Structure formats: C-alpha cells, structure tokens
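Peer 1: Using the sequences and the hints, build the whole thing.
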Amino acid sequence: MQSSTVEDPKLALNYHKELKNEGTHGEHPDHRMLGVIVFLVAESMIFLGLFGAFLIYRSMMPVWPPEGTPELELLIPGINSIILISSSFVMHKGQSAIQKNDVPGLQLWFAITAAMGAIFLLGQLYEYSHAEFGLTLNVFTSCFYVLTGFHGLHVTLGLLLILAVLWRSRQPEHYSENSHFGVEAAELYWHFVDVVWVILFVLVYLL
Amino acid sequence: MSTATETKENPVSQNGHGSSHKQRKWQDYFTFSTDHKVIGIQYLVTSFFFYFIGGFLAEIVRTELATPDPDLVQPEMYNQMFTMHGTIMLFLWIIPAGAAFANYLIPLMIGAEDMAFPRLNAVAFWMIPVGGVLLISSFFVGAPQAGWTSYPPLSLMSGKWGEEIWIMSLLILGTSSILGALNFGITILTMRIPEMDLNSMPLFCWSMLATSALVLIGTPVLAAALILLSFDLIAGTSFFNPVGGGDPIIYQHMFWFYSHPAVYIMVMPFFGVISEVIPVHARKPIFGYRAIAYSSLAIAFLGLIVWAHHMFTSGTPGWLRMFFMATTMLIAVPTGIKIFSWCATIWGGKIELNSAMLFGIGFISSFLIGGLSGVMVAAVPFDIHVHDTYFIVAHFHYVLFGGSVFALFAGLYHWFGKMTGRMLNETWGRIHFALTFIGFNMTFLPMHQLGLLGMNRRIALYDPQFQSLNQVCTIGSYILAVSTLPLVINVLWSLIKGKKAGRNPWRALTLEWQTTSPPAIENFESEPVLWAGPYEYGIDSENEDEEDVEDMLTEVSAQS
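Protein chains in written order, with the working numbering: chain L, 1 to 207; chain S, 1001 to 1560.
Please keep in mind that the hints were generated in silico from the structure rather than gathered at the bench. Fair warning: this is a prediction, and the values are worked out from it, not measured in the lab. There's no promise every hint is true.
Which stretches of chain S does chain L cover? Using the computed rule of at least three CB atoms under 8 Å from a CB of chain L, they are [what the hints assert, rightly or not]: (1) 1108-1119; (2) 1224-1230; (3) 1253-1263; (4) 1346-1354; (5) 1474-1486.
To give an idea of the interface, some chain S residues facing chain L are shown, with a C-beta separation under 8 Å as derived from the structure [to be verified]: (6) P1129; (7) V1133; (8) L1182; (9) V1221; (10) I1250; (11) V1491; (12) P1518; (13) E1536.
No residue lacks a Cβ here, since even glycine has one placed at the ideal position from N, Cα and C.
Peer 2: As structure tokens, then:
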C-alpha cells in the first residue's frame, strides 16, 4: 500500500488508466457515477421544494392563474419540449457510440444534442422577450419566471457539460469503451434536466 | 505522457494525496489539501474560531439582558447580535464541527486511505471560510435582524443588504454541507475494508450515514426557500410578501422542512461520538448496537415529517397540528432508545471518570433535559403557551449546547491524542468540564422558568420582575465564557508539552487506534485488521463465561 511512486500521480484526467496499474496507492473502485446520482437526488430536492411551493400557491388561490394574467403561449414551449425530450434520445446514441469505441459517432451525436439544447435556450429567451407579463405582476408570473429560469440555468450547465465532453474528446483516447465517465455523467445530468422539464411543463403550462 | 513530465517538474502539487512518502508540512493546513485528516483539522479549527465569535456575540446579548432596559446596545443592534449569534453557532460552529469529526474519523474507522472524493472534500471545506467571512462582513452594511429563521415579512423589511448577504452565505454553507454529506455517505457505503459489513461499523458511521441522508434531502429545500426569499428581497416579487398576494407561511414550511431535520443534522453526529466515547471509558460493550444504529435511521426518517411543530401558532389547521404533534412525540422513542442504551452501557462498567467520560455523562444528562422539554413543547396546548418565550430558548440550548457541544468536547478529549499525537491534560480538562457544566446549567436552567412566566425571546426590553433570574443567566454565561480559557490553555500547552499518546492510549478497539498517532499520511502503514467488533470490551476471557454459566446452574439447582 505504501509502495507508491512519484511517477504515478493520481490526476482526474488519467484516473481510469491508473486503476489498471497495480501497486499504486489510494486506488479504489470508481464511485464517481454514484456521486453524480446522489448529487442529482439533492438537486431534485431543490426542484421538489420549488414545485411544492408552486402547488401550494395554486391550491390556495381562488382563481389560478390569478385574474389579469395573460394566457401563456403554448406553441413555442411545446416545440421546445419536443426538442428537449428528443435530445435525450439523440444523446443516448452518443453514449452507445462510445461503447463501441466510436469517438466520431460520440462527437456527432453530442454536437447535435448541444445544438438542440441551444435551440431550447434560444426558444426560452424568445418566449421571455415576447411574454406580455413581467416577473412581479403576480405570484403566478413570479413562479413562471423563477421555475423556468432556474430550469434554464440547469440546461445551460448541461450544455456546458456537453461542450466540455466534446472538447475533451478531441484528445485521442480520452474516452474509450471502458472509460467514459464524463460522457455518462453529462448524459445522466441531461436526462435529469429533461425529466424536470416534463414535470415543469405539465405543472406550469398545462394544468 | 505530458502528465508525467508535469509531475516531475512539480512533484509537490498533488500534496497530501499523491505523496504518501512525504512528511506532513505545516503549510498543508493552510492550503487546498486533499488529505481527510488535514481537512478534518481545518474544519475543527475553523469551527472553533467561529465558536469564539458566536460566543462573544452571546455575551453581548446576555450583558444587555442583565438589565430590563436596552442600555448596552440599541435594539436594532441587539437584533443583529442574536441573529448573528444564532446563525454563526448553527451553521459555522456545530455543523462544521460535526463535519470535522466525520472527516477525520470516517476513513480511519472503516480502514480506508481517504474519502471517496478527496478533492470535493477540500472544496466543501473551503466554502466554510468563504461563507463565514461573507456572513460576518454583513456587519459593514448592517447585519440581518430577522433572527436565524429569517421569517418574512420581517426579513423583507429590515436591512435589505444585510439580509441578502445572509442568504448568500447560507447558500454557500448549504452547498458545502451537501457536498460533504455526499462524500460521507458514499465513503461509508463503499470504502469499508472488506471484512467490515454494515453491522460491524462503528456507530459513529451509522450516525453519519443518517445525518448525510438528512442533509441531502433537507438542505436543497432550504436553498429553494432562500432563492425565493432572495427574489422577494431584490427583485420585488411577492412569494412570501402578503402585500403582493404572497404567503409567509409557505416560507415557514420550506424553512422548517430543512431546519427541523437540521436539528438532527447538528446533534446526530454527536450521538455517534458519544456511542464511541462511552464504551471505551466504561470498558463495556455498547448496549444494543443495532438498536442504536437503526434508531439513527428512525430519527432521520421521523425528523423529515415533524417540521410543522414549529408552526403551531402560525394558523396551522387542527388536524395538521395533531399529525405533527404525534410524529414529534414519536421521535422521543428512538431518542429514548439511545439514552437508555448509553445508560445501560455505563451501568456496571469499569468507569474511568476522565474528561472525555465526564463530558459524555454531562451530555447524557443535559440532553435528557432538552429531550424531555422537547416532548413538552411538542404538545400543542403547551406549545401555544410557551411559543417564542425563553422556554424555547432553554429547550434548544439544552439540546444543542447540552447535547452537541458537550459531546463535541467529549470527542475532543477522546481523539485529541489521535489527532495530534499528544494527550490533553486531565486536570485542565476537569476544570474545563466543571466550569462548562456549572456555567451551562446556570445560564439555561433559569430560562425555563422565565419562559413559563412569559418572558419573550428576541426582545431587548423586558419586564423588571424578570431581572433577578436574568442576572443569574448572565452570570452563568460569564462562567461559560471563562470556561473556554482552560480549554484554550490546555490545547496550546498539550500541543507542545502534552504526554505522548502512542497508538492506543485508551485501549480502544475501533480501527483508528490501530495506526500511529497522528496517523501516517495515508492512514495505515499496514492493512488494518478487523480482529474484534468495535465494542467488544471486557469479554476477552472465555473461561470466565463458562464459570459464570456453571455458577448460575448451581445456584438454580440449589434454589429448586
């Protein structure tokens, strides 16, 4: 255990390579995916808190949305939802590609996912700029902006993760069929953001 | 490989994690070290630093309350003082101190070399000083005045920027707490040496597992509440502002959904500490290992469904009050199981009344009072009378000072030798205990009566009839202030001249005692061996058992 050497530093970038290297210190099975899952459980509690508050407001108000709230436009958010939901499937193709050691495939599918994510965000910005109500009009509009905005923040973060994966994948052999934690983590995060959007869309737009 | 050349140029960069052949340097304690033991000490020292600040604020509050008139500080200043006192003591003293023990002990207790995510661990720690300094900087713009609960609409009406800094600081500290809990939970679940199954873990690990679950489920909801409060404060929305159609009660629900479990987040790590300290110094196996382990999980579960007992006077409907009253009282069952198990562990033991054990027994007795007054305030009719009085102040100080802090000191005396290689001085330790115990009870016991007589909390001005009892409290708080001196002297003196601890000064069985004191950089020089359960004290001679059985049989036959 103590037979460590300076030549084998444990850096995140070559962590997976080191696992095969017998005799180094500090090695243990890779728990990073479990870490991401636990983190997402905590993240989902933030959304649960926000959704809970939204539902309480909804159940307390005699009229919901409160009188004087303009109708929500459904066309663009609807298209946006379809784009975001299908992007999850596109992204999964990327992961299937890397499981066959197909890095160009990974890059292609992830690039398409990133583009779809960007379209979603642009759509949301378009919706904000054309909405007929402001943040502070009433509780419903405040909830609308905070919920969609907070979700949009998560989409942005997911998009950055995808771009980071794309950036790293330029390095040869960075991702391989045995080692692609970054790909899996970004994908799981994206699915999470996706599921949150489905709930949000039903709660805010449809109900 | 580019990485290899980089490392040759800068071999110290992976300090603490990748260089087990190196000696620890003092600089490690001030930098981004990934060694869990360094991080544990960093947490502990930082939390003590904030303890002294929070304690200083408490002394100002108590000095102000020595007279019925607000004469020492202005009422607005008084509000800032108790708000900051509460916030600092909870979020920068007790929670980080629990994380300190967790960081230091979990990998050692389960025979691991480090936490599952060492770098994340360091990030979680360094958010504490950032959040803490940010919080204290709010004094420059007028610190928050709405109490540590920050109920709107009060928090929306008093000092905008102080309140916003408070929110930001809590978001940072909450994130730190979440990242820490993630690390503790995964480390406990996946990094144990192969021979150790869940039911042979030290009980401290069980209590940290339950605590981590609560942090992961509860803290994000507080973050959601604070984000909405922040929008109300800065952007002019009205989620919680009744003027614009919002509802302050929703904040209370979201706040207490975290902050009631937070009570257990603050006290459960120390339940674990006590479960470690008491068997060692009573030389007896812990009574009811599984009962204590599973009752932690029961407390964690029940802790999530009791929050509205803080809101009995907030217009909560009757049926909801009934539900929360029942669940709250139910928590007394798993907590009682623990208290009885600790008492049964001490019962008939070969008790060494050293500082660690004294603080341990002090913990049990003080926490018992806090627990019993907790059952009292769980009852709706009683709570409506004492809500927001000094009875509540007395109750939660018996839980958090009498509970957490006493156990924290017990743990400090118990593991100081392991952490530093030198033992704390016993005489100073006993003086520290005596002053703490007397000062603590003198400060907080009279508050029960003050509360029953109707003295409101959080108000600088009070009815002159309460003055004599308040002066007793104030004198008690000065004794409590003085009690930190023997501790500081003891720690500084022992660091330099204390008795050498050796590997296992207490002849304890958990794995952390199998390595050197202080432990080597990656904890164990040779693979640790799990040769006994964590608490198998005093049952090493097998002959005695057989004799006992024969004795019993002869006794029985003689009687019949």
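Peer 1: Per the CB criterion, is S/P1518 less than 8 Å away from chain L?
Peer 2: violated (16 Å)
Peer 1: Tell me if the interface restraint on S/L1182 is satisfied: Cβ within less than 8 Å of some Cβ in chain L.
Peer 2: holds (5 Å)
Peer 1: Can the hint on S/V1221 be confirmed by a CB-to-CB distance to chain L that is less than 8 Å?
Peer 2: holds (4 Å)
Peer 1: For the hint on S/V1133, just tell me whether its beta-carbon gets within less than 8 Å of chain L.
Peer 2: At 25 Å from the nearest chain L Cβ, S/V1133 fails the 8 Å test, so the hint is violated.
Peer 1: Please check whether the region 1108-1119 of chain S has three or more residues whose CB lies within less than 8 Å of a CB on chain L.
Peer 2: Since three or more residues must qualify, the claim that chain L covers the region 1108-1119 of chain S holds, with 6 doing so at under 8 Å.
Peer 1: Is the interface hint for S/I1250 satisfied, with its Cβ closer than 8 Å to some Cβ of chain L?
Peer 2: holds (5 Å)
Peer 1: Taking beta carbons only, do three or more residues of the region 1224-1230 of chain S come closer than 8 Å to chain L?
Peer 2: holds (count 4)
Peer 1: If you take the shortest Cβ to Cβ gap from S/V1491 to chain L, is it below 8 Å?
Peer 2: Since chain L brings no Cβ nearer than about 31 Å to S/V1491, farther than 8 Å, the hint is violated.
Peer 1: Can you take a look at whether the region 1253-1263 of chain S is actually covered by chain L? Rule is 3+ residues, C-beta closer than 8 Å.
Peer 2: holds (count 3)
Peer 1: Would you check chain L against the region 1474-1486 of chain S, counting CB to CB pairs closer than 8 Å, and say if three or more residues qualify?
Peer 2: Since three or more residues must qualify, the claim that chain L covers the region 1474-1486 of chain S is violated, with 0 doing so at under 8 Å.
Peer 1: Tell me if the interface restraint on S/E1536 is satisfied: Cβ within less than 8 Å of some Cβ in chain L.
Peer 2: Constraint on S/E1536 not satisfied, violated at 26 Å.
Peer 1: Is the shortest C-beta separation between S/P1129 and chain L less than 8 Å?
Peer 2: Where the cut-off is 8 Å and the nearest Cβ of chain L is about 22 Å from S/P1129, the hint is violated.
In this structure, the hints that do not hold are numbers 4, 5, 6, 7, 11, 12, 13, in rising order.
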